[in-house]
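The numbering of the sequence shown is my numbering, which starts it at 49 and goes up by one.
To be clear, the hints were calculated from the coordinates, so they are not data collected in a lab.
Hints may be right or wrong, so weigh each one.
Result set (DSBU-like, lysine-lysine): computed pairs, CA atoms no more than 30 Å apart in a straight line [what the hints assert, rightly or not]:
1) Lys72 / Lys88
2) Lys92 / Lys178
3) Lys114 / Lys88
4) Lys78 / Lys61
5) Lys72 / Lys114
6) Lys88 / Lys78
Just the calculated beta-carbon pair ranges, DEER-fashion [as the list claims (entries may be wrong)]:
7) Lys253 / Arg81: 33 to 43 Å
8) Arg68 / His189: 37 to 47 Å
9) Tyr86 / Gln111: 21 to 31 Å
10) Ser241 / Thr144: 27 to 37 Å
The structure presented is a predicted model; accordingly, all values stated were derived computationally and were not measured.
Glycine included, each C-beta is placed from N, C-alpha and C at the ideal position.
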Amino acid sequence: MCEVHISIDAPTKETFEAIRHGSKFEMVTKNARLLNDYAKSVGKHRTRMWGVVQRSMFHALDQMPKLAADLGFARLSLSLDLNDWGQDTWREFNDTQDMQDAFDLDTAHRLRACGEELGVEVTFFSLDEKFDTSSPETLCHWPFERLYIASDMRVVPCCMIANPDVMEIGSAYDIGAMWNSQVMRDFRGAHLSGAIPDICKSCYKHGGGSAGE
49 MCEVHISIDA PTKETFEAIR HGSKFEMVTK NARLLNDYAK SVGKHRTRMW GVVQRSMFHA
109 LDQMPKLAAD LGFARLSLSL DLNDWGQDTW REFNDTQDMQ DAFDLDTAHR LRACGEELGV
169 EVTFFSLDEK FDTSSPETLC HWPFERLYIA SDMRVVPCCM IANPDVMEIG SAYDIGAMWN
229 SQVMRDFRGA HLSGAIPDIC KSCYKHGGGS AGE
């Protein structure tokens with residue numbers, strides 16, 4: 049099922065705008081409410097509020113299901129770790145903001161229970177536990193199924209990298225040729241062999257070590 053994900057990482061204006069530099073909390077929440085009102089009016093429940101758990105908003109986690117409900121979302125997903133988008137400087141900063149070790153089962157159960165009372169399904173996403181090299185079925189599916197196209201039509205491996213200045217695969221103006229290019233074949237081959245590219249390792253258990261390690 050296709051979904052529209054809206055990133056709202058904090059329940060207050062001050063914290064949200066400190067995380068999402070240049071954003072306007074009032075505009076984002078207003079537009080999210082308008083979108084959900086429209087979706088409800090046409091019977092299409094295909095939206096999800098998405099937040100990243102981090103140090104600056106950790107104290108306000110319990111307010112997230114309520115905000116989701118107030119904005120008309122039926123689903124809230126919380127990412128438990130921060131992605132570096134393949135950039136060393138971001139990795140260093142994110143290590144100071146990551147709160148995954150402080151997020152325990154009691155917190156998860158509490159948030160899910162709060163969501164149930166409000167009619168919001170609360171789920172959790174752990175990036176560094178998502179993929180592993182133990183079998184082809186547990187590899188990242190992006191190289192084999194889909195692409196991320198930036199606004200300037202440059203192709204990026206996935207939405208977790210997102211920035212073509214970090215890694216560019218080719219041009220989307222000839223998507224067929226790009227999909228079957230040697231660059232893409234080599235990229236897929238690296239995953240299949242267990243030699244996970246450095247830029248992808250943060251999404252793999254144990255940093256994407258070779259199969260059998």
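Taking the hints in turn, this is what the structure says about them:
1. With a CA separation close to 24 Å, the supplied pair Lys72 and Lys88 stays within the 30 Å bound.
2. Of the pairs offered as hints, the one joining Lys92 and Lys178 holds, with about 28 Å between alpha carbons and a cut-off of 30 Å not exceeded.
3. Between Lys114 and Lys88 the CA atoms are separated by roughly 18 Å; this keeps the pair inside 30 Å, and the hint holds.
4. Restraint check for Lys78 and Lys61: the C-alpha separation of about 12 Å stays at or below 30 Å, so the hint holds.
5. For a cut-off of 30 Å, the pair hint linking Lys72 to Lys114 stands: about 19 Å separates their Cα positions.
6. Proximity of Lys88 to Lys78 is assessed by CA-CA distance (about 15 Å); at most 30 Å being required, the pair is judged to hold.
7. Range check, Lys253 to Arg81: Cβ separation about 38 Å, and the 33 to 43 Å hint holds.
8. Between Arg68 and His189 the Cβ separation comes to about 28 Å, which falls outside the hinted range of 37 to 47 Å.
9. For the pair Tyr86 and Gln111, the beta carbons lie near 25 Å from each other, so the given range of 21 to 31 Å is met.
10. The supplied range of 27 to 37 Å is met by Ser241 and Thr144, whose beta-carbon atoms lie about 34 Å from each other.
Of the numbered hints stated above, the single one contradicted by the structure is hint 8.
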